[in-house]
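Novice: Here are the chains, one letter per residue:
Number of protein chains: 4
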Amino acid sequence: MDYQLILEEIYEEIKPYLALGKVADYIPELKKVSPDNFAMVLQTADGEISKVGDFNTKFSIQSISKLFTLTLALQFEDKRLWQRVGREPSGNPFNSLVQLEYEKGIPRNPFINAGALVITDIILSRVGDAKKAIIDYLRLLSGNSSIKHDPKVYASEKKTGYLNKSIANYLKSFNNLDNQPSGVLDVYFYQCSISMNCIDLSNACSYLVHSGYSPLTKEAVSTTRQTKYLNSLLLTCGTYDAVGDFAYRVGLPGKSGVGGGIIAVLPGQFNIAVWSPGLNDNGNSLAGVKALEMFTTITGKSIF
Amino acid sequence: MDYQLILEEIYEEIKPYLALGKVADYIPELKKVSPDNFAMVLQTADGEISKVGDFNTKFSIQSISKLFTLTLALQFEDKRLWQRVGREPSGNPFNSLVQLEYEKGIPRNPFINAGALVITDIILSRVGDAKKAIIDYLRLLSGNSSIKHDPKVYASEKKTGYLNKSIANYLKSFNNLDNQPSGVLDVYFYQCSISMNCIDLSNACSYLVHSGYSPLTKEAVSTTRQTKYLNSLLLTCGTYDAVGDFAYRVGLPGKSGVGGGIIAVLPGQFNIAVWSPGLNDNGNSLAGVKALEMFTTITGKSIF
Amino acid sequence: MDYQLILEEIYEEIKPYLALGKVADYIPELKKVSPDNFAMVLQTADGEISKVGDFNTKFSIQSISKLFTLTLALQFEDKRLWQRVGREPSGNPFNSLVQLEYEKGIPRNPFINAGALVITDIILSRVGDAKKAIIDYLRLLSGNSSIKHDPKVYASEKKTGYLNKSIANYLKSFNNLDNQPSGVLDVYFYQCSISMNCIDLSNACSYLVHSGYSPLTKEAVSTTRQTKYLNSLLLTCGTYDAVGDFAYRVGLPGKSGVGGGIIAVLPGQFNIAVWSPGLNDNGNSLAGVKALEMFTTITGKSIF
Amino acid sequence: MDYQLILEEIYEEIKPYLALGKVADYIPELKKVSPDNFAMVLQTADGEISKVGDFNTKFSIQSISKLFTLTLALQFEDKRLWQRVGREPSGNPFNSLVQLEYEKGIPRNPFINAGALVITDIILSRVGDAKKAIIDYLRLLSGNSSIKHDPKVYASEKKTGYLNKSIANYLKSFNNLDNQPSGVLDVYFYQCSISMNCIDLSNACSYLVHSGYSPLTKEAVSTTRQTKYLNSLLLTCGTYDAVGDFAYRVGLPGKSGVGGGIIAVLPGQFNIAVWSPGLNDNGNSLAGVKALEMFTTITGKSIF
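Chains as they are written, first to last, in my numbering: chain A, 160 to 463; chain B, 160 to 463; chain C, 160 to 463; chain D, 160 to 463.
Extracted from the complex, chain A is given alone in its bound form (with noise of 0.2 Å):
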């Protein structure tokens, strides 16, 4: 199949869809990003890359860093995680409080803010300096060293993140964070302000094709077992409240950011990186989600 060709279809066809979406307001510098961008590469288990648009930019991966802090905390500790976080699909918004009160503290899934933070406490009580430890984790996974984060956007968030507060205070007063909410949202702050762009995630989530393999860094990232486990978690609880409108129109394991991007996973064949800041009412990019389903309609290649 000619990727690049389906890309660059899919490239023209996408373009409608770039004002129909609404950049993130909630963290404020995050709305200051043109809804015009758009930006898909696929990467193919041989290593082939297609590319479309502005996939050289760098935008906010916010959520996506979720997948990497879990993929970065199962190194530490597997069993025992579980314990603290489910892996189930939540049905309701990513920032929603009711769940955890009536589950007692332990959040549905990693991929939920709460669930992502108990990760984070995680790393922050096995690392001596957590922030480092993802940003060097993200670099070595990318292949890219220059990968940073983006103060403004961390800034912002630390500032007007009350929602967040709420939710590392509340995961506290069930006694499922270790260390203090503060340092712990700390961390988290900063992890979603990171900046990647599309070539970057593509790189970063190669292991996720490969049974837990990265060719760049010639290692494992995660077993064999852990990688299965983690595409089925993208694919249960990727993306929010409509992890099933995403299973369904596009068919593949997949975690999206506020920020606009998503990375979409098919086990043994290809990755895919898509950016567009327009989000739909999910707080997934609308145009992403629309650009990957063309895919797998064009293609016909989804794990159903």
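Keep in mind that the hints were calculated from the coordinates and are not lab data.
Treat the hints with care, since some could be wrong.
You can't tell identical chains apart in this list, so a pair holds if it fits in one copy or across any two.
[What the hints assert, rightly or not] Below, computed lysine-lysine pairings styled on BS3-like, alpha-carbon distance capped at 27 Å: (1) 174 with 238; (2) 190 with 217; (3) 181 with 318; (4) 311 with 290; (5) 190 with 238; (6) 190 with 263; (7) 238 with 181; (8) 318 with 290; (9) 318 with 190; (10) 263 with 181; (11) 217 with 377.
Since chain A is already given, all that's left is putting chains B, C and D on it; use the hints.
Specialist: This is chains B, C and D only, laid out in the frame that chain A set:
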């Protein structure tokens, strides 16, 4: 791969698990079934069948019927159907009323009881004799014209199914049933009480392997697009509030029933029907899920 | 204090409010009543009666019947009754199912529909003919042997009362009904469809003014202790999810019905029956609540 | 009635109940208080005081402070305040976040923690030094200029009050706090840590007996209308999720705190301050509620 050998290996190893499950007791008639039963049937895309255990023993398909009624209803209406039922995992038990109240009578998906009742209502509105239409459909799909419902199970549910009666009346109070609740419930109890064995089930599900085409009927049961959708719905919503766990451990789209049956699919490759009446806490067959997990672990074959 | 004069003053001032309410439309038969109706009857502890408006016009007592069935059921069982129904305000609409699910089928209090159905179930288990027992009880309490139910309202609710059917079946699924849901519902729809006028209602509630003693029957309807309990329940649970607002504005224990009637009590001093069919958003008579608020503001007489 | 004699009788009978309660342990400093403490002070409208037990021992007033801050805030704004806080019983524990999510950041009433934080926010916006304003207010109302906060309890809550921190940040995320959460929490922890004895409390609450007039300050603390409102709020919302039970058993408007204090009022006649640190399951003083129940049973004096 020698699937017959693998199934026999699993059959050996599964025995200690048979006693761990708990046979459904909320339908009086169901608890009479012995927990020692176990059957597993795998059918490849080529039609090759491997099988172990009590594969000729019929059991109550219960919620597995929801898959077939949905497939049937999609022939009558596609877009409109999704205005009355959602496509998201519920994150709640299959019989919860909470979500239905908050979401004004629109069930989360067609595989929780409320959603399945709406699907049955659609069929009832479209055909003269819905019971006959459903049993005929299953006979056609499975190629077994002797398939019947179990009058005792039917009578048992009809007498004691207060929760389903509550749900049906609740849907009606939101105007999300066109027919009278009692009429819808009558068909629903009937479809749940249909008895099939694992070979019947595997045959009936061939269309999910073949993008909608049934080798038995030599016709398309569903379109390619619909089949992709059905498989994605099975993955995100098919196993009650354990979809995350099922995706994580088994990694295949699947539908379970409280009779202890499960049907699982690897699109393009095979489907597996498994049966064991003892259930785990989520209402899925304990040994059935375990057997499927063993299978995907041994073969490495899953969608992830 | 010249209560007759005060009531006449209120009658003048209430007119603009009559048009603001909305006659209940979920029971088809009820919406036929004109919103212009208004009646107010005050009866002091001495038996002196003041009255204005349509005090001879009968209307559907609806939920006010819950007060009388509770009083009747307390004669049969006192302690045991409170194991099946709570005594706390629900904080939710009168017909919510959410709380019932979280609290495993124990209704919050006897004045939400679920709780009232349990009370009716208790009566049904204790007497041969529950409908006759209830109507006889109301004739006795009010001293008016011509009180009847309205067959049209009864038939209307019986046909369309899907939400109540849902609730009754839900209670049964938790084993919190001893009788069949259909039997309990039949009595419940009957009791709600009883028609009384404001004079009847005021007479029927004299026992709440006199610590349980009825000047009409010359007997104790409830014990002193029970009467104190009934009045406290009226205050904390008698006006749906507007108990705070009613206590705040009116400051009297009271019970409302969607027929537009309200009965309010100042223990030891008087009771007031008021009727106006237009309802506010909480399902309480808009002009009725306003008239009671005017009364307690003018007279300074409330429990607070 | 000889109230002193009645209080002494209660003091005798209450002893077996002291051991049944559980001293609050979620604030580390509070659990150091001995459960043997008991005090009861009754003050009539005429200023006659009856008292038994440890009535000179100061204790942490905790949530009772919410009554006084509400009274103070009503001086600053009346109508506007009720746009930010409701007046309905919550039907949930005092620290629940569920309702706040469903109701978009508007707390149900000023006596649950979320509502009290909004009230404190109002005071903070209106006065230069909110801590000083509150302690001065309590000294004025009680006529005891030596009233202080307990620095250990204050520090203890400030360190461990994660749930309150979560609630304050949650309110802020809904824009229902004007000030920073940390500033509001600082004042809130301070007000909760104020120590008073039962005589102080009884004096401070005289205005609730006298329609707002304080015999101590010779001035109106609240208007007649506001006082009626305050008493109704105490009844419907003052004792956490046990308001129904408290109204049922005691039958007086009241406010409790987890320090074991309760203040109860019979408007126009008397108020009672009672203290015993052992709590029941709802967070109300076990012996305190029992003593009040004994009192209203013996005297027959309640609002019902």
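Novice: So, for every hint listed, does it hold in this structure?
Specialist: Here is how each hint holds up against the structure:
no.	hint	result
1	174 with 238	between (45 Å within a copy, 25 Å between copies)
2	190 with 217	within (15 Å within a copy, 53 Å between copies)
3	181 with 318	within (22 Å within a copy, 40 Å between copies)
4	311 with 290	within (16 Å within a copy, 35 Å between copies)
5	190 with 238	neither (39 Å within a copy, 34 Å between copies)
6	190 with 263	between (35 Å within a copy, 23 Å between copies)
7	238 with 181	between (39 Å within a copy, 26 Å between copies)
8	318 with 290	both (18 Å within a copy, 25 Å between copies)
9	318 with 190	within (15 Å within a copy, 36 Å between copies)
10	263 with 181	between (34 Å within a copy, 22 Å between copies)
11	217 with 377	within (25 Å within a copy, 52 Å between copies)
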